[in-house]
Structures are given as C-alpha cells and as structure tokens.
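Starting from the given sequences, assemble the full structure and let the hints guide the process.
Listed below, chain by chain, are the residues.
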Amino acid sequence: MELGLWQVWEGGWVSAILRGAAITIALGVASMAFGIVIGVACGLIKWARLFPLTLVVDFYTSIVRGVPELLIIYLLFFSSVEFVAQIAAAFGYEGLAGNGYAFTIAVVAIAAISGAYSTEVVRGALAAIPGGHIEAARALGIPGRRIFRRIIAPQMLRIAVPGMNNVWQTTIKDTALVSVVGLQELMRAAFVGAGSTRHPFIFYLIAAVVYLAITLVSQGGFDWIERLLRPRTRK
Amino acid sequence: MDFELVRLAVPTLAKGLWLTAVLTVASIAIGFNLGLALAVMRLSKNRALSGFAKGYSTVFRGTPLLVQLFLFYYGLGQLSFVRDNPVLWWIVGDGAHCAVMALALNTAAYTSEILRGGLMSIPGGLVEAAQACGMSRLLCFRRITFPLAIRQALPAYGNELVLVVKGTSLASTITVLEITGHAKRLMSQTYAILEIFAIAGVLYLLINLVLITLVRLLEARLTRYLPR
Amino acid sequence: MKLKSLLLATFFAAGLTAAQAAEGELSIGTEGEYPPWSMADSAGNVTGFDADVGNLLCAKLEMKCHFVVQAFDGLIPALKAKRFDIIISGMSITAERKKQINFSVGYAELANMFVVKKGSDLAGIKDIETLLKSLDGRTVGVQAGTTHAHFVEKRASSTDLKTYDTLDQMQIDLASGRVEAAFADASALQDFLARPDGKDFQFVDVKVLSTFDPTLGEGIGVGISQENTELKARIDKALCELVADGSIGKASQTWFKTDISRPCQ
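Residue numbers (the UniProt record's numbering), protein chains in the order written: chain A, 1 to 235; chain B, 1 to 228; chain C, 1 to 265.
Here are some chain A residues pointing at chain C (derived, C-beta under 8 Å): (1) Gly11; (2) Trp13; (3) Phe78; (4) Ser79; (5) Val180; (6) Gly182; (7) Gly195.
Keep in mind that the hints were calculated from the coordinates and are not lab data. These numbers come from a predicted model, not from an experiment. The C-beta atom is built at its ideal place from N, Cα and C for all residues, glycine as well.
In structure tokens:
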C-alpha cells in the first residue's frame, strides 16, 4: 500500500479535494472577472494614450509581469494591508476571519496579476481593429459612445478571445500559489492531505489530474465561444 | 525606509540572486533542448511520436508548476525505488536539482509550442530546395530550418524566459534559498515585509531587464539583413 | 470632491465598525498543522492543546471561540492586519516578536530537542555545546519563522539550514534523508517518533531550554495586538486562574502525557 489510495478514501480527503476544487474555480472566476475589468480599463488607457495615466498603467503592468507571482502574493498576504480589510468590511465580510478574508486577498492578488496580462490582450485587440472602421463611423456622424458600443467593442471582443483564453489558463494555475498562504483551495487540500497521511505522491497526482480536468474543460469552452463569435459570412 | 535594514537585506538577497541565476540558466539550457526535441517530434509523421509530444505539452501546460514541483520533490521522494537509486536520488533528493528538473520539464512544454510555431512558418519550398541541392536532412535542419525558425520564435521565447525566471521563485517552497527564499527568511526575522519584498522585486526586475536586453540584441543580430 | 471622499470614509467606517462589533466572539489564529498542539482536520475543525487552551480561555471570558487556521510564519502579520483577535499556536514569547505584538503571561514551557537517525554519530552527544559544534556543515530542518529556526541561525550559523512551512514537510524530509537532524519542541518530535516513518529515529539526549538562550523565548504565551491592552489584562487574569486551578495542566496531560503548564509569576 505504498501509494496510499486507501488513506485518501478513508480520511475523507475526497470531499476535501472536491471542496478545494470548487474554491479554486470560484477564485479563478472571480479573479478573472476583476482582471478583465482592470484589463479593459488599462487597455483602453494604453490604446487611447491618455498621457499621465499611461505611465501608471505601464508601471503596473511591468511590475506585475516582471516580478514573480509568489512574491506579489506573499507581499499582499503578509503586509498589514488594512485597506483590503476595509474593502472587505464595506462589502459585508463581517467576521473578516476565516476563509472569507483569505479569499478576498487571494482575489485581489490574482486579479492584479491577471489584470496586467489582460491589459496587454485588450490593448493588442484594440490595436488590431482597422483604423478605417473608426474613421468611417466618425465620417457618418455616429456619436463616440455608439462607435465604441457598435464598432470597437464587438471587434475587440472577438479578437481578444484567444488571448483571454491564455490569460484564463494562467490565472487558474496561479490560484495554486495562494495555497502557500493558507487558503483552503485545491492545492492546499492536497498539501494538507499529503502532510497528514504521509502519501504526497498520490495527493499531488490527484491535484494535478483535477487541475488538468479544469484546464481541458475550459479550453473546450473557449473553443466554443470562439466559434460562436466567428463572423458569419454569406455563402 | 530603514537604512540599517537595507544594509542587512541587500547582501543576503544578493546571495540568493546568484542561485536564482544558476537555476534559470540550468533550466533554460535543459528545457530548450528538450523543447526542441519535442517540437520536432510533434511535427513528425510518426503518430506515436507526435501524440506523445502533444500529450506531454498538454499535461505540463495544463497543471500548475507548483503542483509539478511538489509532485517531484515530495511525491517522488516518498517512493523507495527513487530513494534507493543513486542517480534518481541525486536529482530528487536535493531541492535545487529537483527545482531545475521541474522547471526544465515545464519550460520544455512551452518552448516546444513556441518552436513548433516557428518551424511551421517555414515555407516548404525552402526545404525542398535544400533537398534538391543534396543536403542531408540533418544539414538542412541545421542550416535552413532551425535558424529561420528560431528567428521567427525569438520574441515569444523571450517572454517564456521571463516566465522561467519568475518560476524559479517557487523553488523557495522546497527549501531552496534563492531570492524569494532569503526574502521570506528575512521577513520572519525582521517583519519588515514591504521593504524586503520591494528589494527582492527590484532584483527580479533587474534580471528580467538584462535577459530581455540580451534577447533584443540577439534578435537584432539575427535580423540584421532586414532594412531598418 | 470633498463630499465624495467624506461619504466614502463614512462608508468604510460603517463597514469597519460592523466588522468589529461581533461582540462576545473571540477569533483565534492557530497553525492547524502542528500536532499535538494544533491540528485542523479536512473540515477545518481544530483540536489539540492549543484548541483546549483556547476553549478554556473562551469559557473563562464567557466568549465564543472561533478558530482561524493560518501558516505559522504568517500568524503575526495576520494578527497585525486584524484577521483575528489573538494567537494561540504554541508561540514562544521572544524579544523580536514583542516588537510586533503583545503577549499574555507565559502559561506553558517545553524543552526543545534534536532528532536524528538511530546510530548517527550525533545520537550519543550529551551536552549542548558539543552538539552545536558537531552540526557544522550538516543539514538541519526547522520550521520557518519559529524560535527553533532563529536559535539554529544564531548558535550554529554554519549549518545548512532548511526551513519548512509546516512540520509535516520537515518530517517527510527527515524520514527520506534529505535532512540529517531536525530541531523542534520535544512534544512535536515525540509525535513524529511514534509514527511508522519515525521508527528509525531517536532524540539526541540534550534538552535545550529557554534559560540557555533567550532566542528560545520566555515560555509560551497568547499573542495579542498591541492596541488591545484591555483584552490583554483580561486574558492574563484568566490564564493565571486556569493554570492555578489545574485546567491547563489537565489539558497538557491529555496531549503531552506530562504537565507543561507554567505558573504565573
């Protein structure tokens, strides 16, 4: 029984791992959602070259893309980031204790990382829209807000999907790093199980399989979205 | 900022800088060659070879590096046949060696995808022309295919190198004292979290800056035939 | 603009007071992976000596206990970030930590020891100075951020020190031979020796006490944030009563088979 499959079943670790996987997915989705908001805002700033703001955005993306994710997560978790506590309180995390707080900081950390990569994807997608489209819309006298809604946004969305797929895959994998500071997600469940049963091989193998399942299923989802958004041409 | 603290932290973190650099170079050297082999296998007509390369790339790109690292370090370390084999134990038994293995296997998967893109971009006519000139397949690969593919793939590969540098920070979770490992130890001694992690972050930015500059120089050299 | 920031401030302030108003509840930060002190199961329930002390304390203070599990080296930063009210995690009172947070009176004290493989040349050493010298150039495992880590860093600086986030990881590496010796408190190591993977290991017969080196602290105390002086006074009083009436001694017998409680001075 060197591998310890029986201990995995007996110790109730299967449900712990599934619960962890649910937290991993929730964390990934929440971080990705906030990351996209950051990405669209910063991407638009870079694309439109809003001068003083571009400096801020450049600073943010180069820090996040050049410094290890692990370091960013340690920094956010270990420093006394009272503002995060305040934001959490304002959003109604009353106890501020337990997983609620860890989850909030984890979302802040992963969204900050994810957002930096989304920024580049959004900026690239905006830059890929032919300038003629926007000029033509202006020439027709379409108001700016509507140009954005009808011309820029739909094209940007379509061009950005493959890039966003990459960002999502990175984001879901980055959530594993949060385990080192104690959020009970998938990796942490495997980590605790490995330590307490002394069967690390089987626990990390199971974790790897679950992550692989998550990434493969979401890859399929993105392929479907990509097909859905492909421009329909008349035959 | 506290100058006493900076005086304490900078030399310690600089010690870690050396190990981070060693981990990076070793992982890249192994990972690049493995990645090249995988890319060639992926494009081969042999279904078994290309299937293996595809599966490898899917598994290593579909799971977090941290899981791979723990699976190798703690998981393989648990198995008695690994412990009893001196060669395997040389790799798995030491945190730094194990980190290099995990990083190399991981970056090989990404490298293979990047190089595959480069190899596929080469017009078939070039290879046919080389064969018509009587070049052997190996010579053709060395003189024609590979140099063109690497030129094509270099910008994307530069990004991957930065990811490897960032990946070395995970070695700190298996007791390796590189920059992040030292930073964490200093943090638990002094609790000066912001200052220490800021210095560590600057060191990483410096490494990446050097690396990106080198890649840009290489890129300029490889494309010097282009008009500018 | 001024109005907006004012509104924002009141918004946050309202949220914050709502958060702190959970009166009657005491949230306790603990490691959860340090048997037999603090063990969290897969559902997140905490048992062990720390949990017993926490529950006794809550009963005395007539508050409700709520445990928060957090890696040991993140406990102090998390307390400072107000993630919980107090720390009960077998934490020794040290001068370095006192700069960051307050401590209650010390309520327990335990010897620290080294564990090595049976038959190792270190196994027969009887005095601390020889032991520390013999560790030169060897790999020693400790838990990150503990007094044990700081002690080895200071007194045996030429060892190859490996630090681990959890004691379990350290024990896995000890069993697999990646480290030659491990340093921790006697109870935690006793727990390792009783396990199947600890059967080839033994204590080095040298008890390292905090009287030998102040790095090892002044006994084990409850960590409290520096602003919370009122809570500290109440906890000190409650702990002294719990030690005096033997409740903590009894809990200690359950988990350590010996009384490690430390009388109030």
